[in-house]
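Based on the sequences and whatever the hints tell you, model everything.
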Amino acid sequence: MEIAVSLRNASEDQLRAVIAVIDRHPRRAEVEDLVDLVRPRIAGLQIPRPLTAQRALVVPFEGLLAGGDSVPRDGLRLPRAVLPPLFTLVRERIDPAAWAEAERLADARRADDTPAVMAVGRRLWPGVVEALEAFHDDPRGIARALATAGHDAHLLGTCLGSILPLMRLGEAMAAAQLPRSGVPLDPTLPTAPHRSLLVGCVQRNPGLFRLIAAALLFRSEFPDSVTRIVRDIATRLDRPAVLGVVAEVADALKADLEAPLAKPGLGAERRAQAAMRLVSIVSVLEGMPRFDALAIEASRILGRQFTVTVRDSVIAPLAELVRAGVADADALRALEAAAHAAKRIEAAGRLAGATSTFKEALAAARQTVRALMRAAARGPAGGIGRAEIARLAEILLGSDEAMALLEQTGCHPAGAPVENALAS
Amino acid sequence: MPNISPALAPPRALQTDFQPATFLERGASVPFTSPLLQQARIRLGASGMREIVLRNPAGGPGWYVGPWAGVTEMVRVTVHDRLVYKRIEETGAIGPLEIRRAARAVSAEGYGGQAAKAAAIAAIDAEEREWRSAYAALFGTLLGQAGLAGSDLIAKAHSRRELIDLAPSLLAPIAPRLGLAPEAIAETLEELATVLAGVGGNADQPAQTQRDLAATQRLIAEVRRLAGEDTRADPDAVRAILDVGEVTVTLAEDALRRARAEIARPQALVMAWAENRSAVRARLTRAEWLLDGWATLVSLWMTAGNGAPGSQRHVLPEIHLLLPMLPREVTGGTVQPAALPCHARTTVRGAEWLAEFADADAIARNERALARTIA
Chain A
561 MEIAVSLRNA
571 SEDQLRAVIA
581 VIDRHPRRAE
591 VEDLVDLVRP
601 RIAGLQIPRP
611 LTAQRALVVP
621 FEGLLAGGDS
631 VPRDGLRLPR
641 AVLPPLFTLV
651 RERIDPAAWA
661 EAERLADARR
671 ADDTPAVMAV
681 GRRLWPGVVE
691 ALEAFHDDPR
701 GIARALATAG
711 HDAHLLGTCL
721 GSILPLMRLG
731 EAMAAAQLPR
741 SGVPLDPTLP
751 TAPHRSLLVG
761 CVQRNPGLFR
771 LIAAALLFRS
781 EFPDSVTRIV
791 RDIATRLDRP
801 AVLGVVAEVA
811 DALKADLEAP
821 LAKPGLGAER
831 RAQAAMRLVS
841 IVSVLEGMPR
851 FDALAIEASR
861 ILGRQFTVTV
871 RDSVIAPLAE
881 LVRAGVADAD
891 ALRALEAAAH
901 AAKRIEAAGR
911 LAGATSTFKE
921 ALAAARQTVR
931 ALMRAAARGP
941 AGGIGRAEIA
951 RLAEILLGSD
961 EAMALLEQTG
971 CHPAGAPVEN
981 ALAS
Chain B
434 MPNISPALAP
444 PRALQTDFQP
454 ATFLERGASV
464 PFTSPLLQQA
474 RIRLGASGMR
484 EIVLRNPAGG
494 PGWYVGPWAG
504 VTEMVRVTVH
514 DRLVYKRIEE
524 TGAIGPLEIR
534 RAARAVSAEG
544 YGGQAAKAAA
554 IAAIDAEERE
564 WRSAYAALFG
574 TLLGQAGLAG
584 SDLIAKAHSR
594 RELIDLAPSL
604 LAPIAPRLGL
614 APEAIAETLE
624 ELATVLAGVG
634 GNADQPAQTQ
644 RDLAATQRLI
654 AEVRRLAGED
664 TRADPDAVRA
674 ILDVGEVTVT
684 LAEDALRRAR
694 AEIARPQALV
704 MAWAENRSAV
714 RARLTRAEWL
724 LDGWATLVSL
734 WMTAGNGAPG
744 SQRHVLPEIH
754 LLLPMLPREV
764 TGGTVQPAAL
774 PCHARTTVRG
784 AEWLAEFADA
794 DAIARNERAL
804 ARTIA
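Residue numbers (my numbering), protein chains in the order written: chain A, 561 to 984; chain B, 434 to 808.
Because the hints were derived from the structure by calculation, they are not lab data. This structure is a prediction, so every number in the text was calculated from the model and none was measured. Incorrect hints may have been included.
[What the hints assert, rightly or not] Simulated DEER-style distance windows between Cβ atoms:
hint, chain 1, residue 1, chain 2, residue 2, range
1, A, Thr718, B, Ala647, 52 to 60 angstroms
2, A, Ser571, B, Gln638, 17 to 25 angstroms
3, A, Glu781, B, Arg691, 45 to 53 angstroms
4, A, Thr708, B, Glu662, 44 to 52 angstroms
Even glycine gets a Cβ: it sits at the ideal position worked out from N, Cα and C.
Here is the structure:
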């Protein structure tokens, strides 16, 4: 508890230092709950992740890795639980000199340093392919060794069919997925490798095409552009079946939206990302009955999710903070992150065609926010203030309405004495 | 829209060759967080009415100069910006320090986000300490140079009120020599301390302006280093940042040195203030005017420094675009402002719905800059 309080009260520089240490620790997962406490701040501070050999190793198939500790229910994505047996297998079978060289190259570099990731990856990916092929050739023998070490070898065996083909394309897959000079790569640019990767295998290896397309659709910052490439391939090569993978990804994203929330704040953010990715994909394929139906269904789901997100991730915790009369900066940041996530869900839903649900949900939120703002105006110093509520209202309802709410609740903040703020 | 007679309102104009003659004509930057108002400046126009100066909002070349009144109705602006606008309206703030105070008051309430709130509260606290330090330094030197006792009493005073209360009685012996009533001298000390709080008398404990200067020097040094290491850095941006930055820093150092020299002669300073306070204020705040607007650039640079490798190279054109222009009183009119890059926002066809989120990201980044600007 004391560690949690210290972490919450840490300055930006202290937080950067602590996260850097935690990030490099081999047993980072044990303190994941502590990191969760300050995750909104970490996101805001854009703390760079350190580059490790393991992080570079997974890049070729990272697009297929499921987020968080969830177990994917679709047939495309892989659970993160596959990583420990994979890392153990690779460490046992890869040339130790190659691993040592990779670690040396990764030392003191950042995970968003694309040239460094590529350099580390080039040392590792061929050895990883050899290790996985050995597992493929002798599954029982290696599985026994992994099981002895306490790993789920069966899971690795199940995922092998997805990881190995992408790992064989290691450098090309990494080049397609990693940003260049910190800027995400638009797949439609002439220099982007996405199109050649997909066209190169669509006829000779449809299974590989499915894996590559899915990895790019799940990972790319431009899922609409990837969808356009797939659509062009379907049209020009007269192979409509290739759109099947787009439908599979869209269905998987739809399922993500409907999955119950484990952690309200983080869940809202992941839902928002899934919502935007889903509508980005289906909007490119407007006019195709299968995808139009998906869009209609998505709009209904997004309407519901927006209502739930606003109610459970913004309004309810806000009401609780106002009642408690105490609000720390991280709790407020988490509320703002959830409100932004709700707006992303709303924008995605509106693009997909829903409007009335959002109006109703926003009308309900408006009433509650007004009441809470009045309560906050009468509340004790140190609690959540009108400013914080106004900021949430601004995100959800827009600055005109937020300003109107401030004025309606009798607040004249610009003229308020600074001492009030200092006292809080 | 505010109630303003069309006859009185200054005309709106797009000036493609805007080169202010003085700092006053350049105006003071207002730390708005709305993307379209970024680095907007407020100034007193020829008619005595306040005007806003901002980059051509359409993204083309030139500067838009128009009435300050109703600026928050012109584009979609944040609640924070509306309240800063209101605060400026109420206080009549026009100089960099006053604008910064107005923004701090709004941020201290929490309207600029949690980081800006913490920064504002700390800055208000620091400013009070710096005011007491400046007041005590002026007061103590004034007494010491007149051979009067009282320094020990000044050192024991723990609040603004205690310091102010000491002044009339301790200053009474030198009042006739200065030709001013003790109360008038005390009042002058208060006003001077307000102006000099940012200057600071002790280089070991840097005050506001010294801190701004140091941050600007760091920015320039880092841009120079990047340009030396990375040939892909935009040469036009690098040249403009280094040219304007180096002149700014050199002049600000000189202005700070002169201001500190004046603090060392408080008798002359008090008499000059009584004679022509606006001229003295202009001299003492020259460094503040020179550095005005650079805190935002420092923040952009530092934020990019936390991003992926290459991010600082990518932010150079934006810093170039936002560079505070040097007035002709500094350049002598011999330096032609470099052509600025186009800053029109690009929107991908079919992705127009994402523009709203680009704005939200820009506001979040501007709030980070706000926390630095008001610190």
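For each hint, the structure was consulted:
{"no.": "1", "hint": "Thr718/A with Ala647/B: 52 to 60 angstroms", "in the structure": "holds, 58 angstroms"}
{"no.": "2", "hint": "Ser571/A with Gln638/B: 17 to 25 angstroms", "in the structure": "holds, 20 angstroms"}
{"no.": "3", "hint": "Glu781/A with Arg691/B: 45 to 53 angstroms", "in the structure": "holds, 52 angstroms"}
{"no.": "4", "hint": "Thr708/A with Glu662/B: 44 to 52 angstroms", "in the structure": "holds, 50 angstroms"}
In the structure shown, no violation is registered for any of the earlier numbered hints.
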